[in-house]
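Student: These protein sequences, in sequence, are chains A and B.
Going by my numbering, the first residue of the first sequence is number 8, and it counts up by one from there.
Going by my numbering, the first residue of the second sequence is number 8, and it counts up by one from there.
In case anyone wonders, no lab produced these hints; they're calculated from the structure.
One or more hints might be untrue.
If several chains are the same, the list does not tell them apart, and a pair holds so long as it fits within one copy or across any two.
Said to hold, decoys possible - 25 Å max Cα-Cα, derived DMTMM-like pairs, lysine to aspartate or glutamate:
hint	residue 1	residue 2
1	Lys173	Glu64
2	Lys274	Asp223
3	Lys274	Glu226
4	Lys241	Glu132
5	Lys274	Glu155
2 protein chains.
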Amino acid sequence: MEKETRPVGRASPEPSAHVSDSMSRNGANIIFILVNPQMGENIGAVARAMMNFGLRELRLVAPRDGWPNPAAEAMAAHGLPIIQTTQIYPTLREAIADLHYVYASTARDRRVMKPQVTPREAAAEAVQKTQQGQRIGLLFGPERSGLENEHIALAHSILTIPTDEKHSSLNIAQSAVVIAYELWEGVNALRGQQAEPALSDAPQRAQLQDVHGFFDQLEAALDKTYFFKIDEKKPHMWRNLRATFLRAALSEQEVHTLRGMVGALEKGQRK
Amino acid sequence: MEKETRPVGRASPEPSAHVSDSMSRNGANIIFILVNPQMGENIGAVARAMMNFGLRELRLVAPRDGWPNPAAEAMAAHGLPIIQTTQIYPTLREAIADLHYVYASTARDRRVMKPQVTPREAAAEAVQKTQQGQRIGLLFGPERSGLENEHIALAHSILTIPTDEKHSSLNIAQSAVVIAYELWEGVNALRGQQAEPALSDAPQRAQLQDVHGFFDQLEAALDKTYFFKIDEKKPHMWRNLRATFLRAALSEQEVHTLRGMVGALEKGQRK
Numbered sequence: 008m009e010k011e012t013r014p015v016g017r018a019s020p021e022p023s024a025h026v027s028d029s030m031s032r033n034g035a036n037i038i039f040i041l042v043n044p045q046m047g048e049n050i051g052a053v054a055r056a057m058m059n060f061g062l063r064e065l066r067l068v069a070p071r072d073g074w075p076n077p078a079a080e081a082m083a084a085h086g087l088p089i090i091q092t093t094q095i096y097p098t099l100r101e102a103i104a105d106l107h108y109v110y111a112s113t114a115r116d117r118r119v120m121k122p123q124v125t126p127r128e129a130a131a132e133a134v135q136k137t138q139q140g141q142r143i144g145l146l147f148g149p150e151r152s153g154l155e156n157e158h159i160a161l162a163h164s165i166l167t168i169p170t171d172e173k174h175s176s177l178n179i180a181q182s183a184v185v186i187a188y189e190l191w192e193g194v195n196a197l198r199g200q201q202a203e204p205a206l207s208d209a210p211q212r213a214q215l216q217d218v219h220g221f222f223d224q225l226e227a228a229l230d231k232t233y234f235f236k237i238d239e240k241k242p243h244m245w246r247n248l249r250a251t252f253l254r255a256a257l258s259e260q261e262v263h264t265l266r267g268m269v270g271a272l273e274k275g276q277r278k
Numbered sequence: 008m009e010k011e012t013r014p015v016g017r018a019s020p021e022p023s024a025h026v027s028d029s030m031s032r033n034g035a036n037i038i039f040i041l042v043n044p045q046m047g048e049n050i051g052a053v054a055r056a057m058m059n060f061g062l063r064e065l066r067l068v069a070p071r072d073g074w075p076n077p078a079a080e081a082m083a084a085h086g087l088p089i090i091q092t093t094q095i096y097p098t099l100r101e102a103i104a105d106l107h108y109v110y111a112s113t114a115r116d117r118r119v120m121k122p123q124v125t126p127r128e129a130a131a132e133a134v135q136k137t138q139q140g141q142r143i144g145l146l147f148g149p150e151r152s153g154l155e156n157e158h159i160a161l162a163h164s165i166l167t168i169p170t171d172e173k174h175s176s177l178n179i180a181q182s183a184v185v186i187a188y189e190l191w192e193g194v195n196a197l198r199g200q201q202a203e204p205a206l207s208d209a210p211q212r213a214q215l216q217d218v219h220g221f222f223d224q225l226e227a228a229l230d231k232t233y234f235f236k237i238d239e240k241k242p243h244m245w246r247n248l249r250a251t252f253l254r255a256a257l258s259e260q261e262v263h264t265l266r267g268m269v270g271a272l273e274k275g276q277r278k
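Chain A on its own, in the form it takes in the complex (with noise of 0.2 Å):
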């Protein structure tokens, strides 16, 4: 399931080798821990969706069914090379031994007495932290049963996905996207401090001389006609119907356009 697929998405093209820069050199001390994973298909999942948000190293505690496994990498799509690379660990304790920080994902328990954040927090906070050269890893758990109280324990935080407390129960496939997501957002923030670049692909705004110049085509093209029905009425319809393009911010060719489309009404039928 889910093999067939198309982009959806695609990086805002300003900037981007310097975000995919910044994300490769943040993304390479963020990593995905899956503890004691049990379906393949779940974990190529969590590397495609890695792959999309600049994230590399993926590392599994004791999975399920071993490994390599066909199923993960028939199901990571683009996030092959990270299912190829990822490392396998007997404990969860020898898979974080290198790292600095650890988020635990799972659902908000006010029994643990640990920071509890938000994806956006996190990626926040881990992304100023691999600025800073640490490593950050992000827990999920297994399937059906989510981290143990032991995996928790190990964690510096818990991240929690804000949902509808009623439908509270996301996937880890759906959890690795919401997060790795916010991740990328992360960074993208950060660039945001930096001066924004014009957008040099933005249509020409026309200059309102020639917005103008179509309003008076129109008006003289509507006067011919019993458009503005009783005489008193006009001020305030023409100011509407002007009002209604000015709100589209109309580029030079729309403007163009218009003019034409005004036109060709108005000398009416080819025959």
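Fit chain B to the known structure of chain A by using the hints.
Tutor: Showing chain B alone in chain A's frame:
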């Protein structure tokens, strides 16, 4: 795949009843629309993600495998009530007839003369629009090929999920979970603020069936003229012209006025 599941997310417990209520209210007016979906499993996965994040209405345009679809039901889990109330439409135009504003989830395209927004920006806009009584549609294309140009032409804005540009392919279920999550976060963000007073003097946005009626009238009128000079150029010209009017987010009154304008111009001079 993905049958095994467990709670990972849980709503923040604080004012959850309020959030749930407000999202139900907003969620009732935010509708996911899958255009020509192919795999039932993906339809089910979308319904499941919708349920996590307070969304309730799913519409399908001409699903490949017909309807009902057992694979969709099997995959939906807690989203089954959404599958059971999903409505089927023969065309996209019919599926959005009673909506007011539509986002097309697709890759960024600099040639399209429409606003292009991120999920976060779209969520902020959409939640605000629902508070003004508008009904919002989110379009997703078929798995393999994505939305056609003719589908995108019916939308007001392009919604693009930011990704690593070298790995931008997101499947439909991944896209849906990210967008549903951001909509939920949009509602949560509003919760922090005072409820915006309803803009009682805001003009009533036109339902899209009225906008399309205007388009039909305009196209018929222009077809009688020399406006579309060369047949093969018409699709492009006509798409751009509609985009101009869609960008204006027309009110009921404005549609009425524009129809009068076209009728008057078509009818021609007083004598």
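Student: Tell me, in ascending order, the numbers of any earlier hints that this structure violates.
Tutor: 4 and 5
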